[in-house]
Amino acid sequence: MTWLAWRQHRTHAIVGAAALAALAVLLLITGLQMASQYHSAIAACTAAHRCGNLASTLFLGSHAVGFLVIMTLGVPALLGVFWGAPLVAQELETGTSQFAWMQTITRKHWLTVKAGWILLAAAAWAGAVSALVTWWSGPDNALQLDAFKPGRFDITGIVPVGYALFATALGIAAGAVTRRTVPALAVTLAGFIAARFMITELVRPHYMTAITTTGTSPQVPPGSWQLAQGMIGPGGKVLPTDGSTCTSGCVPHGYRAFITYQPASRYWAFQGIETALFVVLAAALIAVTAIVVLRRDA
Amino acid sequence: MTPVIETRRLSKRYRGVTALSDCTITVPEGRIAALIGPNGAGKTTLLRLLSGLAKPGSGEVAVLGGTPRQDPAFLADVGFLAQDIPLYRRFTAADHIAIGGHLNPRWDAASARQRLTSLGIPLGQAVGTLSGGQRAQVALALTLAKRPRVLLLDEPVAALDPLARRQFLAILAEAVARGGLTVVLSSHLVTDLERTCDHLILLASSRVQLCGDIDTVLAEHQVLVGPRKDTTAIEKAHTLVQATHTPRQATLLIRRNGPVIDPAFQATDVGLEELVLAYMGQDATIPALGHLTAAGDDQ
Amino acid sequence: MISFRVDGRSVVPPYLQIVQQVRQALRMGVLEVGDKLPTVREVVAATAINPNTVLKAYRDLERDGLVEPRAGHGTFVLRRPPGPPPGTHSRLGRSLARWVREARGAGLDDESIESLLRVTLQAADEEETA
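Residue numbers (numbering that gives the first Met the number 0), protein chains in the order written: chain A, 0 to 297; chain B, 0 to 298; chain C, 0 to 129.
Next comes chain A alone, as it looks inside the complex:
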């Protein structure tokens, strides 16, 4: 069955490997350039004791490559749509599932091998892209200290692997339920975007209780993820702006500035929690797929 799965998805594997190789070459070349660019700039400004403004004056790399790197946000969605959705749906649609299921393999074996290999491939592919991007972003993150921000957080570290597993599992499940490739594609894309958006906006900020610091001019550790800021008054009343609504200044009325944030030290904990969350969702989707494929009439 592994042999058959390989023959069926050989083209996917080859295209994927080629794309990965191209990306790797591009990122390696530009990444090395950016690293040396960064180190020279640091050396120069350290000597002149003028490194404070570096973040706003130095731009590393090119806009085009930077844009491409941001686009890797879409990698899990692509995997879900092109590798996940057709896996079961296409076979159900064309009827080749009937051919396969009347050979001397059980549906369970068929599904396990097909889904197993594709999930593994998706995780590996996304992991490779993430590793490249994380390495490439090193100088930029050191400069801008924005690794924890949504947009950067999502394309580095281990979360892309979790997203890829989720998207692929969603594609497979959608295909098994709708039995047709095109509806499965649509459901996968929409479902993935919705899930990612909702979790990033509504759930991620709460993985651990955020820290709030108040004062006249509160400071947060560098590289932290700022969730909210404004003015907080007696009785907990919050003014979201910097006090411009207070006509003669807010401080005399007992307002103090605050910033709610997640400290940079929690970056890896958050990566771990979010990855685990998406892996659990992926597992649930695979369970749904198994029930649908194994129990339903062919």
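Because the hints were derived from the structure by calculation, they are not lab data.
A portion of the hints provided could be inaccurate.
Claimed, not checked - Here are some of the chain B residues that sit facing chain C, going by a computed Cβ distance under 8 Å:
hint	residue
1	Val-16
2	Glu-28
3	Ile-31
4	Arg-88
5	Ala-172
6	Val-175
7	Ala-176
8	Arg-194
9	Asp-197
All of these numbers come straight from a predicted model, not from anything done at the bench.
Ideal Cβ positions, reconstructed from N, Cα and C, are used throughout, including at glycine.
Once you've looked at the hints, dock chains B and C against the given chain A.
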């Protein structure tokens, strides 16, 4: 000897529509059984229930003594060829033979290759580019290479030209002649089936109308032609399948319960096609041929 | 080697067609004593008829003493059916063809010819029993 296929009061519904109702059939070993019936009668449903691709709503089904199930032992013994001949269109026949070798413990690749080459079917060409007849032969060769003990075929020759049909049935019959194989194939084309099949399962309106050895079934039926008169005596003694009346003449197709003792009527044998049409037409009324009526209806 | 032709449209059942064709072949000399009949598989592969039909025909021939099965080797012709030697058939066939040409030339249609033949056969039967 236990029959290879046995069902008892088998029923299946899809989305509120009854596909198969109260079906009880048996197929003895070594038979080539013809599953005949109009579209929508439940032929495909019955084959899917026998193969294990679908599960019964109610009733029992036993193939080779066991319930159809997702189990390598069962799957190795039972072959199924679906109506639209699903194959991997981009793969060649040789690829499919290799696939079969990987997925089946008992696999006779040599016989499949030999069958296809003797028919002149190219092994190295993508299966999607072959003609309908050639694809059907590829699918049959693959199903036979598995060396099943039961083979279920859903309208395998429907889309084939006469030569391709003949070749397909010849290869099928030869495989049965080797021994150890029982076949059920569904079709509309009665004349082909009459030649190759020796067992009949007739479905109409989702029910089994006839099930048995073809020669026996034909011997049980007779056409009685005679003057138009009161036929209730005959109808009570035997089962009326179809009655055709003109003002002067009555034609009755009956299933005999014992000999027919009515000198007014001339009895002739029934052919398979005529018999099948009679049973299939039981619910339908044929318009414009004004004098035809369905069984039980008297004008 | 004999090859069989099974006509699905004939009123004669397939197994009987095979029996008749074997008998005819024996009379015509196409099959001789000791010849091997085609195997069931060979017949089925050529005609697409049911294997049991062929088996039934061969059993009939065996019962009539014309053929015998030899385990592992096939079915072999044992003897010819009683009747005139092979040459007779072709000789009579030729004189019949001459007669048919004459009859048709005289204006008889096929139905009249058949009817004449039937009547003649009946009369000949009555003559024999008389």
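Self-check item: Earlier hints that do not hold, by number
Solution: 1, 2, 4
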